[in-house]
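Protein chains: 2
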Amino acid sequence: MEVENKHIIIKHAIDGLPTESDFELRSTPLVLSVAQGSKEVVVKNLFLSIDPYQLNRMKTCSSSQKTFAAAARIQPGQRIDAFGVGKVVVSGNEEFERDDVVVGLLAWEEYTVVRPGTTLTKVDPHEFPLSYHVSILGPSGLTAYAGFYDICKPKKGEKVFVSTASGSVGSLVGQYAKLSGCYVVGCAGSKTKVDLLKEKLGFDDAFNYKEEPDLKSALRRYFPEGIDIYFDNVGSAMLDAAVANMNLFGRVALCGAISEYTDAGKRAALDMVDVIYKRITLRGFLALDHLNLYAGFISSTSDHLRHGRMRAVEDISTGLESVPSAFAGLFRGDNVGKKLVQLTSL
Amino acid sequence: MEVENKHIIIKHAIDGLPTESDFELRSTPLVLSVAQGSKEVVVKNLFLSIDPYQLNRMKTCSSSQKTFAAAARIQPGQRIDAFGVGKVVVSGNEEFERDDVVVGLLAWEEYTVVRPGTTLTKVDPHEFPLSYHVSILGPSGLTAYAGFYDICKPKKGEKVFVSTASGSVGSLVGQYAKLSGCYVVGCAGSKTKVDLLKEKLGFDDAFNYKEEPDLKSALRRYFPEGIDIYFDNVGSAMLDAAVANMNLFGRVALCGAISEYTDAGKRAALDMVDVIYKRITLRGFLALDHLNLYAGFISSTSDHLRHGRMRAVEDISTGLESVPSAFAGLFRGDNVGKKLVQLTSL
Ligand SMILES: NC(=O)c1ccc[n+]([C@@H]2O[C@H](COP(=O)([O-])OP(=O)(O)OC[C@H]3O[C@@H](n4cnc5c(N)ncnc54)[C@H](OP(=O)(O)O)[C@@H]3O)[C@@H](O)[C@H]2O)c1
Ligand SMILES: NC(=O)c1ccc[n+]([C@@H]2O[C@H](COP(=O)([O-])OP(=O)(O)OC[C@H]3O[C@@H](n4cnc5c(N)ncnc54)[C@H](OP(=O)(O)O)[C@@H]3O)[C@@H](O)[C@H]2O)c1
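Just so you know, the sequences run in chain order A and B.
Residue 1 is where the first sequence starts when you use the UniProt record's numbering, and the numbers rise one by one after that.
Residue 1 is where the second sequence starts when you use the UniProt record's numbering, and the numbers rise one by one after that.
Isolated chain A (complex conformation) (with noise of 0.2 angstroms):
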């Protein structure tokens, strides 16, 4: 069977900050059937995730491309792989028969061919929403949890700040660190999400940042005894006044800056005397460097889902048509939660 697979690709580089008119849908053929012995799987894609490090691949050239995504830039023209949920269309890999629901990295496309080499793990449809397994099981989840568990190390009683806290990864770091019997804050920009922190996700307090003049006093307000742990979503002035605001032996984890994707001109200034004589460490970290605990992420997260301790936050748009402005909407605050887009159900 041959189907039109539409798929939306960048028309250009995306240098500032994106907008739905720098996307273009298109659409080819695509056979539904796999070559003998090729290992190929086809995927129907069911739920995608939308994701802002995605813009770092999209640029001219930036220096973490060097490292990062020499390989993994995205380039005009080309499928945008992502990470997703999707049914098994065709499987020429005994591992997979047809009707398997599978994560992995599929793209923004209708239907993924994945290829062998690549990670696709099978899930079970009927315990959690499907969507779950891309938001608070997926990669998100686990860069909430190893952010939080791996790199800040904290210890119950220790005050957490979290920016982008109503976002897809701060929700559940605000979330974990409750679990853990931490003073929890988290930042957001409006009011509904602030609302959200306070009254929905257990946080002890909340503001809006967008509404503090002064970052810095702002924290001191929120932290009177000062800020053990900052999980880092933001870059540039939020973390100059975190770290102004940190106590001794204070750890931040850098984890995204996104104020930075869209501004490279836009630093955190730090005051490194401060950072000495405080011990504040630092440390970037990407989540695919810790699978090593994700099976602890797994079983531990699906038990509070299960007992009701923590909950899933997404914001889900409908059809393939839709992940220019779901992109382009996670740099202007538009989303509550995990961005996803669902293209069919099962």
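Take the hints with a grain of salt, since some may be wrong.
It does not matter which identical chain is used: a pair holds within one copy or between any two.
Said to hold, decoys possible - Only pairs whose alpha carbons sit at most 27 angstroms apart, straight line, appear in this in silico BS3-like list of lysine-lysine: (1) Lys-266 x Lys-216; (2) Lys-87 x Lys-155; (3) Lys-210 x Lys-11; (4) Lys-216 x Lys-59; (5) Lys-210 x Lys-198; (6) Lys-191 x Lys-153; (7) Lys-153 x Lys-87; (8) Lys-198 x Lys-87; (9) Lys-191 x Lys-216; (10) Lys-155 x Lys-191; (11) Lys-6 x Lys-178; (12) Lys-122 x Lys-200; (13) Lys-59 x Lys-153; (14) Lys-122 x Lys-39; (15) Lys-122 x Lys-155.
The set of hints was computed from the structure by calculation and includes no laboratory data.
Could you slot chain B with the ligands onto chain A? The hints should help.
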């Protein structure tokens, strides 16, 4: 017996580059005796340590002083405590007797009355020159040892960059790095210093940073395979350049930021996206947190000295009146190796 005890004070807070005229030599009478049961020890000072960090205690106010030096702040007119080696003149403490040679927190003065609670340690005055107990076997040595081994966690073959490499701490970091089988490049501020690094201290290479208009490309030349470990003594632009040239999983020991001590406007502006993708760790540390390593540090370093595998580089001025120029000289790069002032001999 009563003596005139000369001491050095600051006349006012010092916020920029220190100069000799910021200091004054004063004198107060001191009776060389201790009250019955007081446990005090009167020490005649032999060598005093001259350290850049003292400047941070002399400032009007700095963010670091909130944590570090509310108590440690040096007020105008006040005696200025400093590490040193001296000889016991009179002791009310049964652990010490007259003529014992001791190291510990003394002050920029001729005699120091050491009160109970201040750690004073007896040293063997015969095996090594007395000055070594302030330099290579003193706090500078522990800083280099703890910072390099505990913070940088070197592996054989790794590429190490050290700034202020001919200085007290830097010259030792480079030597430890060579002893650990690393490739080591240092930077310093003059040809004499660069020659010392290459010809006497076994650095694989060295350069004069003052002759490099573009630090990033200089480091690219000296580290074509990238930097694994950066031992940072200067902060600001050099830190940026080093991080830009770091390899995946690079480690930065934030030991000092001397270029920022005299100019709080100077700041590193790290590319956090790069720091994240390269999974770099930056860690501020103070030697005094690593006293658990003290015994191992002393025994291994003494052993290296005995076998000629390490050498102490010292820069000694004579007489208490030379303290102000010795200190101000640190910030002009006058010193080659550990800066000490010798007051008298045994
Ligand atoms: N290290 C890793 O392995 C790893 C893995 C996944 C994600 N990440 C990083 O983690 C961060 C969060 O990712 P996520 O998937 O959870 O995204 P998200 O938080 O769900 O969505 C992005 C959010 O960032 C905020 N934002 C956008 N532009 C901003 C700006 N200029 N300044 C401050 N905030 C801004 C917006 O929320 P507000 O309305 O609150 O502004 C927006 O909703 C990103 O930096 C991402 O790259 C890292
Ligand atoms: N964390 C700790 O526990 C700890 C303990 C001790 C020392 N430290 C720090 O370690 C660093 C080195 O201390 P040290 O005792 O070994 O001093 P040092 O290196 O012996 O002396 C200071 C040297 O710094 C360099 N320098 C001065 N101003 C500079 C500037 N604006 N930019 C770049 N370099 C400059 C000069 O060398 P050049 O000619 O090469 O420029 C000068 O000789 C200092 O930052 C100090 O505060 C930290």
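Hints, verified against the model:
1. Lys-266 x Lys-216: both (17 angstroms within a copy, 19 angstroms between copies)
2. Lys-87 x Lys-155: neither (41 angstroms within a copy, 46 angstroms between copies)
3. Lys-210 x Lys-11: neither (32 angstroms within a copy, 45 angstroms between copies)
4. Lys-216 x Lys-59: between (31 angstroms within a copy, 22 angstroms between copies)
5. Lys-210 x Lys-198: Intra 17 angstroms, inter 53 angstroms, cutoff 27 angstroms: intra-copy only.
6. Lys-191 x Lys-153: neither (30 angstroms within a copy, 45 angstroms between copies)
7. Lys-153 x Lys-87: Close neither inside one copy (37 angstroms) nor across copies (46 angstroms); limit 27 angstroms.
8. Lys-198 x Lys-87: neither (37 angstroms within a copy, 63 angstroms between copies)
9. Lys-191 x Lys-216: within (20 angstroms within a copy, 43 angstroms between copies)
10. Lys-155 x Lys-191: The answer is neither: 30 angstroms in one copy and 49 angstroms across copies each exceed 27 angstroms.
11. Lys-6 x Lys-178: neither (42 angstroms within a copy, 58 angstroms between copies)
12. Lys-122 x Lys-200: For Lys-122 and Lys-200, neither the intra-copy (31 angstroms) nor the inter-copy (62 angstroms) Cα distance is at most 27 angstroms.
13. Lys-59 x Lys-153: Result: close neither inside a copy nor across copies, 33 angstroms intra and 34 angstroms inter.
14. Lys-122 x Lys-39: within (16 angstroms within a copy, 73 angstroms between copies)
15. Lys-122 x Lys-155: neither (35 angstroms within a copy, 39 angstroms between copies)
The structure shown violates the earlier hints numbered 2, 3, 6, 7, 8, 10, 11, 12, 13 and 15.
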